[in-house]
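Protein chains in written order, with the UniProt record's numbering: chain A, 1 to 341; chain R, 1 to 341; chain U, 1 to 341; chain E, 1 to 341; chain L, 1 to 341; chain F, 1 to 341.
Calculated from the structure, these hints are not laboratory results.
Please read all numbers here as calculations on a predicted model, not as lab measurements.
A couple of the hints might just be wrong.
In this list, chains with the same sequence are indistinguishable; a pair is considered to hold if it fits within one copy or across any two.
[Stated by the list, open to error] Mimicking DSSO-like on lysine-lysine, the simulated pairs with C-alpha atoms at most 30 Å apart in a straight line are: (1) LYS130 - LYS147; (2) LYS178 - LYS325; (3) LYS83 - LYS325; (4) LYS83 - LYS147; (5) LYS3 - LYS154; (6) LYS71 - LYS325; (7) LYS175 - LYS127; (8) LYS226 - LYS83; (9) LYS229 - LYS83; (10) LYS338 - LYS300; (11) LYS3 - LYS300; (12) LYS26 - LYS260; (13) LYS260 - LYS83; (14) LYS83 - LYS338; (15) LYS338 - LYS172; (16) LYS178 - LYS338; (17) LYS71 - LYS83.
Protein chains: 6
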Amino acid sequence: MSKVVTFGEIMLRLSTERHLRFSQSKSFALTFGGGEFNVAVSLANFGVPSEVVTCLPQNEIGETALMEIRKRNVSSANVQMVKNSRIGIYFLETGAGTRSSNVLYDRAHSAMANVTSGTFNWREILKDAKWFHWSGITPAISDNAAKECLEAVKVASELGITISTDLNYRSKLWKYGKEPHEVMPELLQYSNIILGDIDTAYFMLGENQINPNYQNLNLLPSLYDKVFKMCPNLKTMATTLRYSVSASHQRIGGILYDGKSIYDADIKEVTPVVDRVGSGDAFMAGLIYGLLSDDISYQKSINMAVASCCLKHTIYGDYNLVSLKDIERFINSDSHGKVSR
Amino acid sequence: MSKVVTFGEIMLRLSTERHLRFSQSKSFALTFGGGEFNVAVSLANFGVPSEVVTCLPQNEIGETALMEIRKRNVSSANVQMVKNSRIGIYFLETGAGTRSSNVLYDRAHSAMANVTSGTFNWREILKDAKWFHWSGITPAISDNAAKECLEAVKVASELGITISTDLNYRSKLWKYGKEPHEVMPELLQYSNIILGDIDTAYFMLGENQINPNYQNLNLLPSLYDKVFKMCPNLKTMATTLRYSVSASHQRIGGILYDGKSIYDADIKEVTPVVDRVGSGDAFMAGLIYGLLSDDISYQKSINMAVASCCLKHTIYGDYNLVSLKDIERFINSDSHGKVSR
Amino acid sequence: MSKVVTFGEIMLRLSTERHLRFSQSKSFALTFGGGEFNVAVSLANFGVPSEVVTCLPQNEIGETALMEIRKRNVSSANVQMVKNSRIGIYFLETGAGTRSSNVLYDRAHSAMANVTSGTFNWREILKDAKWFHWSGITPAISDNAAKECLEAVKVASELGITISTDLNYRSKLWKYGKEPHEVMPELLQYSNIILGDIDTAYFMLGENQINPNYQNLNLLPSLYDKVFKMCPNLKTMATTLRYSVSASHQRIGGILYDGKSIYDADIKEVTPVVDRVGSGDAFMAGLIYGLLSDDISYQKSINMAVASCCLKHTIYGDYNLVSLKDIERFINSDSHGKVSR
Amino acid sequence: MSKVVTFGEIMLRLSTERHLRFSQSKSFALTFGGGEFNVAVSLANFGVPSEVVTCLPQNEIGETALMEIRKRNVSSANVQMVKNSRIGIYFLETGAGTRSSNVLYDRAHSAMANVTSGTFNWREILKDAKWFHWSGITPAISDNAAKECLEAVKVASELGITISTDLNYRSKLWKYGKEPHEVMPELLQYSNIILGDIDTAYFMLGENQINPNYQNLNLLPSLYDKVFKMCPNLKTMATTLRYSVSASHQRIGGILYDGKSIYDADIKEVTPVVDRVGSGDAFMAGLIYGLLSDDISYQKSINMAVASCCLKHTIYGDYNLVSLKDIERFINSDSHGKVSR
Amino acid sequence: MSKVVTFGEIMLRLSTERHLRFSQSKSFALTFGGGEFNVAVSLANFGVPSEVVTCLPQNEIGETALMEIRKRNVSSANVQMVKNSRIGIYFLETGAGTRSSNVLYDRAHSAMANVTSGTFNWREILKDAKWFHWSGITPAISDNAAKECLEAVKVASELGITISTDLNYRSKLWKYGKEPHEVMPELLQYSNIILGDIDTAYFMLGENQINPNYQNLNLLPSLYDKVFKMCPNLKTMATTLRYSVSASHQRIGGILYDGKSIYDADIKEVTPVVDRVGSGDAFMAGLIYGLLSDDISYQKSINMAVASCCLKHTIYGDYNLVSLKDIERFINSDSHGKVSR
Amino acid sequence: MSKVVTFGEIMLRLSTERHLRFSQSKSFALTFGGGEFNVAVSLANFGVPSEVVTCLPQNEIGETALMEIRKRNVSSANVQMVKNSRIGIYFLETGAGTRSSNVLYDRAHSAMANVTSGTFNWREILKDAKWFHWSGITPAISDNAAKECLEAVKVASELGITISTDLNYRSKLWKYGKEPHEVMPELLQYSNIILGDIDTAYFMLGENQINPNYQNLNLLPSLYDKVFKMCPNLKTMATTLRYSVSASHQRIGGILYDGKSIYDADIKEVTPVVDRVGSGDAFMAGLIYGLLSDDISYQKSINMAVASCCLKHTIYGDYNLVSLKDIERFINSDSHGKVSR
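The following block holds chain A by itself, in its conformation from the complex (with noise of 0.2 Å):
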């Protein structure tokens, strides 16, 4: 099997501890994350050679965001350290209950966002590449970025690698004058596999607002055509169902749509949340797997998707820690967390 390439941003996580609100704290548990990061641990965990390409800064924090990367047996061939410069940080207030989680970003002017034109030579860090991976909140980031990343496609889609696209719409991002409208629709072009709800798709692509039901399996596959439409080389739209009972306590099944037929996993129970951050990543990586896999069906991929997410809820930090055997057990039991022993 050889290597997935994510491209993103990795970024300083400082969250209150014991669901304490910024205004109690007196400490920050330090992590780091950031949407594709996430993807590549996750398949590193699974077992797939994976790399991410980032900027960090050449200090000391960017050291040690660099040492988590080869911590967690990711790639960092790639990675460049930027002097003068610094992280993106979010700090992270964890909820609790019908308290939601609240992040406050401080990513502006980090290494990621000031990212200039041929920092990455992405046809050399392609060439081994099957599989190349991207989400939107990359483009959100800065104008520098969306054009990167723009670059990246165009080569993985020359070298006939697999693209996959995470939508991630993040409301707080895209403060840099451009709509989602005017930068997705031609990066979406080369996207293979599309993760996200209909309505974000529609709203990136530029369409009107829908807010579909996706109980309505029926309904679903007219929905999901637009975007085919729109997306010449698409070949897989998945989309995460959420349903947020309380910030300790979601809802979680998938769908896929593969232009013809629709596939939907079943909702699962998710309670307590652990860490709900990241979980979105998981999915993508679950699903990613399974269609990276020649032996493995569209059910069984959406399947995964789901169990990579729901068990990420349980891991404290942006990425999921868990291998695939932890993912079977968890598609093939009834009943959850009987001790090990």
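Once you've looked at the hints, dock chains R, U, E, L and F against the given chain A.
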């Protein structure tokens, strides 16, 4: 909006961490709290100028409590720092699931319990106030505190200030030789708003005990009316409905009666419980906020009280740290816990 | 009430904190535990004089374990401190929700596994005892431990002491070359009370495996009878009913059979789970307490076992730290979790 | 060796962590301690059977203190658990360098301060004892405690038990209306061993104050002799020499006088200081151990006292946790701090 | 005593714990600080009414900083909360022994760096002030901050308010295109009190660099006189003498020159160092306190500055938390670190 | 620069926190370390490609160790993951001042102790290596480990690779039935560089014990020469000079002898000690770095070794985390501990 003044003890709270029992603990988390102070903090967070009147010992612990008052934007202009005194303490063993939390009071001989007549110049303190709030904990501490409370209530009444009371019965207090029914009736004469269970009100007023069925709304007016009869200045009485499924799962609703009609708020599921202490005070603060505002209806007021109470359960410590925006979001949303990002 | 003696290994438990996975942990919480010791602590908390017989290494870790025994009011009069030895260790990764907890044993070559014949003078140790308790973990550790257990059981039997056994099957043990059915039948000959699943009992006794339906109470006597037949001294057998909804949510019930009638306790919801380890031992202790007491019925005994087991899930660490009063409150209350203040 | 009995209060100690000031602290580290208990723990660690006689409140905090007594192998056979009482508390702000530690007492009205005559059956308690130890803190707490101390001392004297006293003057105590010189002379009549500064002894005995120069050994006997004259049963008096370079650096020596000769131990450098509290009690315990043993000379006794005191500064909490082997190693070595491996 | 106003940035400080390096850290301790704010807090602790003027982002982190200002009794009446902005951050790796602490700034684009002309109405802000304090950090942040500082200084000068300046050179700042000597001379025209090394003053004023020997007091006046010549309003200049034996051991003294005479304070040993950051600001605050008070001599003023600086090293965080009483005790005592009890 | 390969055990280190004794600890800090791995990490931090060869158990603890190797940029290409095995553990009680740290080994039966012949293909592993490093700990673990070490050394010798050895005598090891002098002479035949005390070398080589005076440099060559005679391939021998003032204060120097001349580095004061463990390995790494580099003199090499050793004492954990820049700064500076900002 002129200020709300509350009168009551602020205690040092020493709680076990991570659900440990006392005998397992190597440290106590340190916070401050007290029913009336908690109400003041909540109101300050809602943007209402608020003040707490209390006695604290003039030592490093008392000064730390004073800093917390200031930090939370509550006026400490009339806090008395008492020499050679002690702060009231309560030890809290935080329960979980079917194991209840346990409060151990060590508040005898505190600066507040030993308050002496004339300590506070109530006419001066209340001259700019619109609202005075006290709870049934103050007269339960000591004879002195009960007398000072009566003094305050009389002055407030003379000045035409709205007076609210949270009945707040604590079986582990009232140890100084008087029963509630010997003290409370006189105090409650002056109350315009009472928060409490009907049976608690009857108990404190010396009436025969009943066991009201709050599901049967039609029967409630006649039960409340008896309280109205005994408390001539009463305008509204409210009751928090609390069903304790477990220490980690509560169901919260509320009822408000204005002498004519019943207004009830829907029962909400509260799980998990980060910290249950002070959730009644949060209810009181939501109620006061609604009743203070000319443009907020009784129905909205009781809804706000329930919302404030529910959200408090997700906040560590004695007092609520939520904004009006958080309250509104809670009231207007069916789904809770989406990450804000 | 004369003393209860238990025999088994006390391990150092090293557990990850705040649901972290091993690879995320920078520290381990340190406690001690072991099935039979856990039973002794529970009983001591119920006011029953109890003692644990075990081997510990004569080093600082062994001495710390010894202090924990003393702290918990369990007699350590016959604990053997062994030179140049090690303590058994188990690493615990605490799960959450759909992710199971994971136990990693590192207990080979421990002081207890290497126990040599004659280490304990059982006739002396048991002379004041009324009850002897052992579990299926002890003979699973090593051949030596199995032999010493047999020695103890024989002496207890001769002395007319009641013998209870928790079958406690651990698939990660029994690594020393013998299968349970080669060892357990002889040991179980002497048991008067057995706690365990019916299928585990059959497995250990070398019977054909079955999958009993515990919902169908009518069918159970005949299944239990087979065990009674093979264990001639058996008076009562009990089974913990555990449905694992998730690592954070368990449903607990219990069944007791006295050779004539079935006594079953209602299923209780247990959520969240603070610590699931040792909840079976808490069940055992509740059961022993009931059966020890002349004035406690079988029905009450199984109710106490379930109550003890449920409450244990709210207690951090291996052993239960609840009082008889806590057990009574649990049994008599429909609503849990009210703050005691 | 028969047992040593000590009599005094055990307090809950709540200390700030990592040198924080009170106003910075979010938690307190929780331990227990008290001068006479500290001596008992030290002696137990040296292998001497020891017991503490005290009153504790019959609540969860009192029970936790009781567990600590048991854990540390000190007999709690005669500890009184008092209903509706409180434990004495002291808050400790741990200094560093040029900033002193600060103790804030909150021990009025404690179970021990309110001890009533007849609580303890001294004749029974002391019947197996060889040694009775009390300190000047006990009569400083309250009139009741002073009276009970006198009762104990009289019985001990009648029974011919050796009586040792640590003068332990605390300026923040003695608040109940009596001065030391009104209480201590009668108590000290019975003492066989006194530990304390010469000026403190004079002060407590109502003598004119002096400022002794401990460097000039020749002048000391005449100063000590005055104490011997006033305390007819005195056999040896010892003084801890403490030079406080900073809160983190102390110099410790000691002097012993037997009515004839001066024995002095070399000054030792103690830096850094992990915890200075209880180091005087550690000195006392070292001294008692030496004087208890027939084969230990006065010179060795004072050396052991100094060694015990120095090592205590490296131990967190109120009481010393070192063995006789640690003491010997300290005395015999010029170089400290080599890793043992 | 009318108020002291300080102007400068308040940063979020994120520091590693227990001397860990960045790459070992799983959490950051969270505090706030900034040179001029630190001075205001120190003065408030000395009982001087003080205020900080600054810009903070209008988000949860900015509001938490605001609460810290209030908690520490510093007026925040003129703090500007800026939308869509960020707080300046500095990461602190706390050294030990021969390993230096390391500061990593991430303060570009902060609310304060982007301050715009007219943000503050200085005439209004300073109308009740007696003293205005700024440091060389403010003009080092950005061109905007330098301009606002000049505006403030001009108004203060017009209003006849005493102006003090701490030169505070930071090599990692001054990155916006101007050198100190291009900006500082104009600003320093207005200063009445300057704190700084002589060589730093020369450097900032564009003079040739020298390497003064502070041991030779006789030579100092002529060196200081040059600064007095270039700063026509200068009345006193002071210098902190700091000898860094190691990150854990500093030697601190101070010199004050009033244009006529040299006043020097003895060198003090400072070890261990709990937190060295902000010790210069503590020096400044001690100096301001002395110079503010009519009855405090120059000699006493420089002694207070040194005492304040020394004590700060024992306090965690950026600002000093000691009282005047602590300062007096330091000055008057030869021995430090006795426990107060 | 081609790679340095080290061979040795990596242990799980469980250390008490904040200088607590074992019996006070509720948690252990978790790190990994081992003499030869520590050297590899140090070298990697200096920019030298390095690799560790070892056996780890194939379980979650072993995998976590593997992640630490990767994080620290040391090659794990030849690490063997062994099924049904355990990791060696050492418990560390961290001393302070006059109380020594205490190491408790629990490493028998570890994956490394049980290494079997043929596990490692040394010819393949070493083919790209320039340097091979082992220490006296490896042959002290078990007969198997000693044999595998000999195999490695022979191959390295054949391939003409430089071989360095740290004698590292541990009295608590060597428990498998052989004495050092039975094993070490053969192994040391191949060493080109030896680090160790002269008396340790004599002891391991079976020579009569001496007590060298390292102050007298003139006498040292003849003492070293004896080792050179017995180790025919020896080119340089170095000795760490360590004077242990206390557990918190060490004095460190070093001596290097090349068969002709003595090169000695000045004694440095090291206080406080954050973590003393692994400081010898840091010395070794500094020495190797110097000797590896053609342009670094013997004098500079021993200076670097001492600098590396001193700085290690300020770093928590087993291995040094400093850069070449840190080393250079240490060597070139008289004053330490200035904040870099």
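To see whether the hints hold, each was checked on the structure:
For the homomeric pair LYS130 and LYS147, the shortest alpha-carbon distance inside one copy (22 Å) is at most 30 Å, but the shortest distance between copies (45 Å) is not. Proximity of LYS178 to LYS325 under the C-alpha cut-off of 30 Å is restricted to the inter-copy arrangement: shortest distance 29 Å between copies versus 43 Å within a copy. In this assembly of identical chains, LYS83 and LYS325 lie within 30 Å of each other by CA distance solely across copies; the values are 17 Å between and 41 Å within a copy. Proximity of LYS83 and LYS147 under a CA criterion of 30 Å is satisfied in both settings, with 21 Å inside one chain copy and 28 Å between copies.
Taking the shortest Cα distances, LYS3 and LYS154 sit within 30 Å of each other inside one copy (18 Å), while across copies they are farther apart (39 Å). Proximity of LYS71 to LYS325 under the C-alpha cut-off of 30 Å is found in both arrangements, the shortest distances being 20 Å within a copy and 24 Å between copies. For a Cα distance limit of 30 Å, the shortest separation of LYS175 from LYS127 qualifies neither inside one copy, at 33 Å, nor across copies, at 40 Å. In the homo-oligomer, the alpha carbons of LYS226 and LYS83 never lie at most 30 Å apart, since the shortest distance is 45 Å inside one protomer and 39 Å across protomers.
In this assembly of identical chains, LYS229 and LYS83 lie within 30 Å of each other by CA distance neither inside one copy nor across copies; the values are 43 Å within and 41 Å between. Taking the shortest Cα distances, LYS338 and LYS300 sit within 30 Å of each other both inside one copy (24 Å) and across copies (28 Å). Proximity of LYS3 to LYS300 under the C-alpha cut-off of 30 Å is restricted to the intra-copy arrangement: shortest distance 22 Å within a copy versus 45 Å between copies. In this assembly of identical chains, LYS26 and LYS260 lie within 30 Å of each other by CA distance neither inside one copy nor across copies; the values are 54 Å within and 47 Å between.
In this assembly of identical chains, the alpha carbons of LYS260 and LYS83 never lie at most 30 Å apart, being 50 Å within a copy and 46 Å across copies at closest. Only between protomers do LYS83 and LYS338 lie at most 30 Å apart by alpha-carbon distance; the minimum there is 24 Å, versus 49 Å within a single protomer. In this assembly of identical chains, LYS338 and LYS172 lie within 30 Å of each other by CA distance solely across copies; the values are 14 Å between and 40 Å within a copy. For a Cα distance limit of 30 Å, the shortest separation of LYS178 from LYS338 across copies, 25 Å, qualifies, whereas the shortest one inside one copy, 50 Å, does not.
Taking the shortest Cα distances, LYS71 and LYS83 sit within 30 Å of each other both inside one copy (23 Å) and across copies (22 Å).
When held up to the earlier numbered hints, the structure conflicts with 7, 8, 9, 12 and 13 and fits the remainder.
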